[in-house]
Amino acid sequence: MTKVTMTINGKSVSGEVEGRTLLSSFLREDLHLTGTHIGCDTSQCGACVVHVDGKPVKSCTMFAAEADGADVATIEGQANADGSLNVIQAAFQEHHGLQCGFCTPGMVMSAAALLKDNPKPSEAEVREYLEGNICRCTGYHNIVKAIMAASGQDVSAIAAE
Amino acid sequence: MPKDGGIGAPTRRREDVRFLTGTGQYCDDMNMFGQTAAVFARSTVANGVIKSIDTSAAEAMPGVLAVFTGEDFVEVGGNPAGWLINSRDGTPMHEPKRPVLAHGKVRHVGDAYAAVIAETIEQAKDAVEAIEADIEELPAIVNMKDALAADHFVHDEIGTNQCFDWGWIEDNRAATDAAIKGAHHVTTLELVNNRLVPNAMEPRCSMAQYNRANDEYVLHTTSQNPHLTRLLISAFVLGIPENKLTVIAPDVGGGFGSKIYHYGEEALVLAAAKKIGRPVKWTADRTEAFLTDAHGRDHVTKIELALDKDGNFLAFRTETMANVGAYLSNFSTATPTFLHGTLMAGNYTVPNVYVNVKAVFTNTAPVDAYRGAGRPEATFSLERVIDKAAREIGMDPIELRRKNFIKPDQYPFASAAGLEYDSGNYDALMDQMEKVADMAGFEARRKASEKKGKLRGFGVNAYIEACGIAPSNLVGVLGSRVGLYDAATVRVNATGNLSVMVGAHSHGQGHETAFPQVVAEMLGIDPQSIDIVHGDTSKIPFGMGTYGSRSLAVCGSAVVRATEKIINKAKKIAAHMLEASDGDIELKDGVFSVAGTDKSVTFGEVALKAYIPHEFPLEDIEPGLEETAFYDPANFTYPSGAYCCEVEVDPDTGKVTVESMTAVDDFGNVINPMIVTGQVHGGLGQGIGQALLENTTYDENGQLLSASYMDYVMPRADDLPFYTVDHSQGNACTHNPLGVKGCGEAGAIGSPPTVVNAVIDALQSGGKNVTHIDMPMTPHRVWSAMQNA
Chain A
1 MTKVTMTING
11 KSVSGEVEGR
21 TLLSSFLRED
31 LHLTGTHIGC
41 DTSQCGACVV
51 HVDGKPVKSC
61 TMFAAEADGA
71 DVATIEGQAN
81 ADGSLNVIQA
91 AFQEHHGLQC
101 GFCTPGMVMS
111 AAALLKDNPK
121 PSEAEVREYL
131 EGNICRCTGY
141 HNIVKAIMAA
151 SGQDVSAIAA
161 E
Chain B
1 MPKDGGIGAP
11 TRRREDVRFL
21 TGTGQYCDDM
31 NMFGQTAAVF
41 ARSTVANGVI
51 KSIDTSAAEA
61 MPGVLAVFTG
71 EDFVEVGGNP
81 AGWLINSRDG
91 TPMHEPKRPV
101 LAHGKVRHVG
111 DAYAAVIAET
121 IEQAKDAVEA
131 IEADIEELPA
141 IVNMKDALAA
151 DHFVHDEIGT
161 NQCFDWGWIE
171 DNRAATDAAI
181 KGAHHVTTLE
191 LVNNRLVPNA
201 MEPRCSMAQY
211 NRANDEYVLH
221 TTSQNPHLTR
231 LLISAFVLGI
241 PENKLTVIAP
251 DVGGGFGSKI
261 YHYGEEALVL
271 AAAKKIGRPV
281 KWTADRTEAF
291 LTDAHGRDHV
301 TKIELALDKD
311 GNFLAFRTET
321 MANVGAYLSN
331 FSTATPTFLH
341 GTLMAGNYTV
351 PNVYVNVKAV
361 FTNTAPVDAY
371 RGAGRPEATF
381 SLERVIDKAA
391 REIGMDPIEL
401 RRKNFIKPDQ
411 YPFASAAGLE
421 YDSGNYDALM
431 DQMEKVADMA
441 GFEARRKASE
451 KKGKLRGFGV
461 NAYIEACGIA
471 PSNLVGVLGS
481 RVGLYDAATV
491 RVNATGNLSV
501 MVGAHSHGQG
511 HETAFPQVVA
521 EMLGIDPQSI
531 DIVHGDTSKI
541 PFGMGTYGSR
551 SLAVCGSAVV
561 RATEKIINKA
571 KKIAAHMLEA
581 SDGDIELKDG
591 VFSVAGTDKS
601 VTFGEVALKA
611 YIPHEFPLED
621 IEPGLEETAF
631 YDPANFTYPS
641 GAYCCEVEVD
651 PDTGKVTVES
661 MTAVDDFGNV
671 INPMIVTGQV
681 HGGLGQGIGQ
691 ALLENTTYDE
701 NGQLLSASYM
711 DYVMPRADDL
721 PFYTVDHSQG
731 NACTHNPLGV
741 KGCGEAGAIG
751 SPPTVVNAVI
761 DALQSGGKNV
771 THIDMPMTPH
781 RVWSAMQNA
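Protein chains in written order, with UniProt numbering: chain A, 1 to 161; chain B, 1 to 789.
Isolated chain A, as found in the complex (with noise of 0.2 Å):
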């Protein structure tokens, strides 16, 4: 066992874990945070992606250890400091980008890595960046959309309620 050190949500956190140990594990099984998902074993779905010193990292592909003095956020983290949704997860409820849920953290987590990489995409760079996350849901049509609300864009020409 070897123990690890990391900030998760602007938290200090420690634990004892095995070599083999995954970050998508330590973070469900250890510390609790259930909001990040596993849907497949093989790094295509998505489900799983959280932040590592800001970057978008699907933590079933990464060891706990690796993360050993990293930065990391989660979903449980996205909310501003009232509580209330940010403003991507608000454009995702505004815009119905969610049906189960089970993709979702792993979307929002997707959405902001590529909006402070580029923080007013085209619909096309949108869909190509979310090629890592994987919906059964919604059709992506509202994910889109809701992504690029969330830039600021004006989406009222794209059809629905």
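One or more hints might be untrue.
As the list claims (entries may be wrong) - Some chain B residues judged to face chain A by a derived CB distance under 7 Å, without partners named: (1) Gly22; (2) Asp285; (3) Gly476; (4) Gly479; (5) Met710; (6) Met714; (7) Arg716; (8) Ala717.
Since the hints were made in silico from the structure, they are not lab data.
This structure is a prediction, so every number in the text was calculated from the model and none was measured.
C-beta: ideal position from N, C-alpha, C; glycine also.
With chain A's structure known, arrange chain B on it following the hints.
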């Protein structure tokens, strides 16, 4: 309408807040004190005889608490089929036992033959590796045609691989044959409805607790249908009394059909929890999901359409082989029959329809209802053969459909396939589709595509489906072994807020938002004061779950009936409080008043009075304000639609891109248009996925080649366009109190033939005489078709 939205408001979903903040509670997010882990030993061969299983080494491994094999479940029942189908000769279908764990034989790759319970999942996985199973591999039965001709069987005891040979309607067969024989023109098409894996993003998970003190069990499980799961476990599989078993489906990450059914893993964790006296949890990994979740579709069909010289439809005749896999899943026999054959008249006045379906056992995972369940297969066959016929007789495909549409003044309409459609207006849907899709501009868009070196095609489709499943009296005659009503309890609490317990289960459909809109509208109160309780058999009167686009049409109707009872009782209480006759009491905006006076009491005051019944007329009114209703629909509901799409095909590579997709649906009345639109979007994504990307592939040995997201092509954001969705042309359902039809499956039903029709149109426009390509229309298939044309 209440201030935060009643019927018809695009109310934002309240459940979103927990999902967006990572505070949803899915099954695998929960852990119990003293919890242990279950891991299954699964067959690596498709067909094999279990000679012996030696578990002694596994039992001695660190942390191992118990090992189970099929031997441990010989005395308990099997997981049953929910529908009895009779063959054309009157004999009942073959129903081989589906055990908790395989016993004697393994019948598909992934079939579980043993399970280990250990302190940790890692220990359980290690111990599964130490189980010594001697399994003699037999030749696999994979292809349906081969299976019907084979002299060896998936189930030796029944001596055939044919589950049933069903005719619908058998009495129409001769007339249909005669109509085809004498027709001016007959169009024939052979097609494959490709096998799909539902792929809810949350893998299945089941966790059982057993309380020795009172002999009670609690099962948390990923279910669309917790009451049915309890009923099956109690009545058929383990015999646990229903009153000793609570089934809880908490937040569930999608279902699409795959989580309707009871699976053996649920029974195993329950039995194991009792044996070891501690909670037992199992969570599927994605490979297990591919191997063991019920798959969808997998039909091989020949369809013929007979026309007269003017293009009037005379008959549809269909022969289908439907794969049911290695065992009968709960609804697997209903899907290719009564959810498919009964829709084979489509939106048309065609007088003759005959459908023959042979259901076939193979050494593959069970196949059952997947979003649309039989209706996509029906629509695909019909709308493809109609398109082909239009081309053959030189008529515009929209004109041919319009010529044969049932007209608005013909309802109720008795279809030649045995259903009575209640309402619709297919021409109006087509008119609206032509308008919102800007059909007039298509030729200009085609020219622009051609300028880029691409072929552009326009595809169209008209569908009808039967959902709001289902009238118990009717389905009972058709072979269903359950009733398909639903139930709701409306509990008005003393302080005036409401808990509404519903039998439907929400796993993405937004019930927690939409159902309160209905109750709030009826009572004239704030929807935020109303909460929905779902997914827990200990809290809800009963329910038949969520599938078949039934939640609002059936369970929503039960909510309406229960709320009506609340209003009736509340009026009596108000009348007493106001010293008036209850016939004079009016309810408006949450206030009960005496007609023609200024005397009134609020809904909240009535609620308080019901629970603090001082000076209460106990001889006339019981204290409390809680009512339950069961609602059994009088008929299916019949959503319909006109869909179109435009595709571009790259003639050099065969790559297809969907440039636009338009869905115009008649869903009757709409409670929350935002949610309805989202449901259609999701169906369109899955339908386009079926048309272009998704395929489930077994090799000749029955090995599943597409068992991960590296191999099974899920639609991604960059595979799909923005959609145009319109439900302005609703015709209210005539037989349920909300006038609603059902929107959950429409997109997946209407879109696959639309996309294929568009690709064929594109290739034809490029001078390639291609008349059909099987789904998924991969670049390789499209390119090959072009080369051979």
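Here is how each hint holds up against the structure:
1. Below 7 Å, beta-carbon pairs count as interface contacts, and Gly22(B) has one with chain A at about 2 Å; its hint therefore holds.
2. Taking 7 Å as the C-beta contact cut-off toward chain A, the hint placing Asp285(B) at the interface holds, the least distance being around 5 Å.
3. Because the closest C-beta pair between Gly476(B) and chain A is about 32 Å apart, greater than 7 Å, the hint is violated.
4. This hint is violated: Gly479(B) has a C-beta 31 Å from the nearest C-beta of chain A, more than the 7 Å allowed.
5. For Met710(B), the interface hint holds, the least distance from its beta-carbon to any beta-carbon of chain A being 5 Å, beneath 7 Å.
6. Using the Cβ-Cβ criterion of 7 Å, the hint placing Met714(B) at the interface with chain A is satisfied: the shortest such distance is roughly 5 Å.
7. About 5 Å separates the beta-carbon of Arg716(B) from the nearest beta-carbon of chain A, less than 7 Å, and the hint is met.
8. The interface hint given for Ala717(B) is met, as the beta carbon of that residue sits about 4 Å from the closest beta carbon of chain A, less than 7 Å.
In summary, the structure is inconsistent with hints 3 and 4 from the numbered list given earlier, while agreeing with the others.
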